[in-house]
Every structure is written in structure tokens, then in C-alpha cells.
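*Asks:* All chains, please: the whole structure from these sequences, using the hints.
Protein chains in written order, with the numbering used here: chain A, 1 to 392; chain B, 1001 to 1126.
Think of the hints as simulated: they come from the structure by calculation, not from any bench. Check the hints yourself; a few may be wrong.
Claimed, not checked - Straight-line distance between alpha carbons at most 25 Å, and here's what the computed DSS-like set of lysine-lysine pairs gives:
| no. | chain 1 | residue 1 | chain 2 | residue 2 |
| --- | --- | --- | --- | --- |
| 1 | B | Lys1122 | A | Lys389 |
| 2 | B | Lys1122 | A | Lys386 |
| 3 | B | Lys1084 | A | Lys389 |
| 4 | B | Lys1054 | B | Lys1123 |
Stated by the list, open to error - Taking CB as the label site, the calculated pair distances span:
| no. | chain 1 | residue 1 | chain 2 | residue 2 | range |
| --- | --- | --- | --- | --- | --- |
| 5 | B | Glu1081 | A | Arg265 | 58 to 66 Å |
| 6 | A | Gly392 | B | Asn1014 | 26 to 34 Å |
| 7 | B | Asp1089 | A | Ser109 | 39 to 47 Å |
| 8 | B | Asp1089 | A | Gly258 | 57 to 65 Å |
| 9 | B | Glu1092 | A | Val228 | 54 to 62 Å |
| 10 | B | Asn1014 | A | Gly28 | 32 to 40 Å |
| 11 | B | Thr1007 | A | Val273 | 37 to 45 Å |
| 12 | B | Asp1089 | A | Gly236 | 26 to 34 Å |
| 13 | A | Lys112 | B | Asn1088 | 48 to 56 Å |
| 14 | A | Gly217 | B | Asn1032 | 48 to 56 Å |
None of these values were measured; they are calculated from a predicted model. Beta carbons are placed, not taken as given, at the ideal position from N, Cα and C, and that holds for glycine.
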Amino acid sequence: MRAVYLDHYAASPLPEEVQESMLPFLAGSFGNPSSLHRWGDDAKTAVEESREKVAALIGANPEEIIFTSNGTEANNLAIKGMIAGSRRKGKHIVISGIEHFSVMNPAKSLEKQGYDLVTVPADEYGVVDLDELAAALDDETALLSIMTANGEIGTIQPIREIAAIAMEKGVPFHTDAIAAAGHIPIDIAALGVQAMSIASDGMYGPKGAGALWIKKGIRLIPLLDGGVQEGGRRGGTENVAAIVGMGTAAQLARERMGERSEYLRGLRDALIVGLPDRLEHINLTGHLKQRLPWNASFVVEFIEGEGMLLFLDAQGVAVSSGSACTSRALKGSHVLAACGIPPERAQGSILFSFGPENNMEDVEYVLDVFPPIVERLRQMSPLYAKFMKERG
Amino acid sequence: MAIYSDTVMEHFTNPRNVGEIENADGVGEVGNPVCGDMMTFYIKVDDGRLSDVKFKTFGCGAAIAVSSMVSEMAKGKTIEEALKISRNDVAEELGGLPTQKMHCSNLGADALHKAIEDYLSKKGQS
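*Replies:* Set out below in C-alpha cells:
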């Protein structure tokens, strides 16, 4: 049976270059970057080279990059660390309704500690409402955090415009670029943001490394107090191999972004056009044009995501869903809810996330096997029966 | 997928008794699409026995497997026997269900009982 992996939003295979760059640091070059001998020095040099590569991907100064253990830690460090370090008088935190859990939940945790959390809505395409955003920012706002792009629905936010609004109001602005970095061009100077989170595994690097870029002069209180690693802003022995892998991934992303994203867009669009051609009552989620190259997300009416996932898995196709049944917390996706998609429709969520090893035959295979799966589940669905009866 | 037992996967992949019964003697509907699962059971009763049982289900793999298993367990049983089929019996017959699915998806027995109640109340009226 054909194996078609379309869940790159969850995890991706590592390019050979990434694997090979990591190997020395799992064996011979095992040193601790904090050590003064040559083993330590090898590791330290590798971490610093990686820092330069990661910085170059977003146009940052390497000194402003703090390595973390993953994207979630980078987001937590940004939200909690910038709030703790804030000299502004206000206690408002402003985020959008489509943020990832790793931004939304630290903000909620600060809310429990007495901060006011303001959530700005998004439109049906997942684009944050700029008027509401402008209205939400004032002297009381301590931090604004809006993601660069949403991985679940693919929508890319107008970050430059948002940064301009934040700057006008004097509000520090953090952006979670985990789903975007390595896939669309990002230049922090042109964007005008003060902090940005990225993750290694979001750009075909290994799990276990992430980074927060924070502009020089912005105060940040560490989450992890310990040694003087990362300039005292993140204690703990570095995951050298993962950091090196992240550096290689960042370098590859820089070199291949144009070619990769054009290729992925081709696959994505073939699915975005092909599925509604073969199936009724299937709707794209997110924005049609302002969209991550690798994301094709839909809601399929009258059926639920887990059934689709299981049947696709039986056909060798791996995907994910934002339905309540497929989440371990048994809650439907807050992102789809924020786009105004009613809960029963959000149950039919399905996300195809492409990677460089996919090809057009994969798309054709999905176009072949998926519609009969949907038809089969619809034949079992009382909602579909009701709909067909009403339609007559 | 490893979250489900082989029996669950078998019933999910080849569900028994999917469909509706025209002029059913009893219909029972439980759940709500908002929370994820919704089941409708249809029964036909002859001489106090469930001569036919069919269902339609909107929901996860577990919900579909539970419906299929309940329909199979109930078919041919007397009303009294069918009313005794419990959620736990269904889960046991399926070789167990993941803990988080025990409450939201294991609604088949409830839907069956509702269909029987519907039949009994209609019968009482006639």
C-alpha cells in the first residue's frame, strides 16, 4: 500500500543534511558548551554557528537569539518573561482568538494572577480584525502577541500593519512565527516587531530546539534560572545536537525557501481545487491567498474528523483534525470557533500538511481514496440523512 | 491506530446494521453534534422481540463501533433483555474503550433504550 504522510504540521522527517550535521554531537563532540577544554569548545562553537544561521533566517543579530527547548518554551518565555520584565504601568495582555495554546495558555495563566486578558477576534478567514486590535491597545497594554501565521488554517496575518499599530500605541509586540518561519520570508527589521518565537521542528529541523528572538533593550525575566547559558536568560545545558540541527534546518530554509514554497503551493492548490471538485459540502478553512504554502485545511460537513482520520490511515494516508473527538482534551478547535465555524461543522475538520518529500502522485492518491471515505461516513450520518430529507 | 482494540476497529471498519427502518416501531436519538457524537436507533418489534435494529451515527470511530455492537447485541433479544444491555456490557464486548471515550462516545445503549421507550409509549397510547 502507498504511504502518504500529510501531517507535517505535527512532525516531519529530517533532511539528510540536518541529520548528518547532528551526528557528531551525539558521539565524539559530546562536550558541554560551558566547559573550557577543547570538547567544550567544539560544542560551544557549534552552538554559536547555529545561532548565526538561525539569526540570518529572520534577519536578526545573533546576540538577540535565545535558544529554548521548543516553540512552546519560546512562547512562554516571551509572554511571561516580557510581562515580568515590563516597565509599563498597565496590566493588559492582548492576543488574538486564533493563537496557539502555547500563547493562549500562558496569557490565561497570567490572567489568573491578576492581569487582564483581551482577545481580539478574527474574521471568517482567520485574519485578525485590525480595527478591534487598534481599539484594544492603549496605555494599559503591557504586551501584544499575535501569531505570524496559523498552522491549523494556514492564514498569514498582516504582521507589518499590526506592528505599525502597536508602535503607534507604544505597545511591545511579540509574534509567534513557529508555523511560518522557514516557509515565508521573514525580516524582523521590516516587520517592526520586538520579539519572535520560532521552532526547529516547524522547519524540518529536529524536535527539542526552539528560539526566541528578542530585540536588544527589551527587558526579559528568565523562566529557567540556572547557569549563565544563553547570556543568563535561559539556564540549563544546551541540547547541542538539536540546536545544531536547527541551525542546518534554518540554513536550508534560507537557501531553498523560494523553490520549496513554490513546490508546496503547487501540491496544496491541487488539493484545494481537486477536493471540492469531487465532493459536495466541503469548505476550505483559512484565507485562500494569504496562506502558508504547506497548508490545505477543510471542514467536511455532516461527518466527524476521527472517522476520516482512521479510514485514511487504513489507506496509508496520515492527516490530522481539529475535531473534539481527535483532541485528547475532547474539545473542538478554538481556532475554527474563532473563525465563526459552528461546533458541529468544526467536527468535520481535516488538515493536510505537506512537506518537501510529497509529490503530485500523493495528491492524486488522496483525491482517489478520500471522496469514497467521506461518502461512506455520510451514509452512516444522521445529520446527512436529515439534510438529504430536507433537500428532498 | 493503536488507541482502539481490534474489535473496535473491526466494527468501525465494517459496521453492522447501518441504516434506517421505514415505519420503525421505535426511534431513539441521543447526543448532540456540538459535543461530538450523535446516534439515532431504529427498532422493529415482533412478538416482544427486536426483529430488526438499525442505526445512523455521527461521531468518532468509537461511537460508530459502539452503535454497531449495540445493534448486533440487541437484535433478536426480547424487550426486557435489550433494556438490560448496559454501557459497560458494550464496552466489554468491544474489548474495552479508551477512558476518554467511555462517556462521550459510549451512547449506543442509551439510544437503544430510548428507542424501546419510544416503542413502549406508542404502544401504551394505542
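*Asks:* If a hint holds in the structure, say so; if it doesn't, say that too.
*Replies:* Results for each hint:
no. : hint                             : result
1   : B:Lys1122 x A:Lys389             : holds, 24 Å
2   : B:Lys1122 x A:Lys386             : holds, 23 Å
3   : B:Lys1084 x A:Lys389             : violated, 33 Å
4   : B:Lys1054 x B:Lys1123            : holds, 20 Å
5   : B:Glu1081 x A:Arg265: 58 to 66 Å : holds, 59 Å
6   : A:Gly392 x B:Asn1014: 26 to 34 Å : holds, 31 Å
7   : B:Asp1089 x A:Ser109: 39 to 47 Å : holds, 42 Å
8   : B:Asp1089 x A:Gly258: 57 to 65 Å : holds, 60 Å
9   : B:Glu1092 x A:Val228: 54 to 62 Å : holds, 58 Å
10  : B:Asn1014 x A:Gly28: 32 to 40 Å  : violated, 54 Å
11  : B:Thr1007 x A:Val273: 37 to 45 Å : holds, 40 Å
12  : B:Asp1089 x A:Gly236: 26 to 34 Å : violated, 51 Å
13  : A:Lys112 x B:Asn1088: 48 to 56 Å : violated, 38 Å
14  : A:Gly217 x B:Asn1032: 48 to 56 Å : holds, 52 Å
Checked against the numbered hints given earlier, the structure breaks hints 3, 10, 12, 13 and satisfies all the rest.
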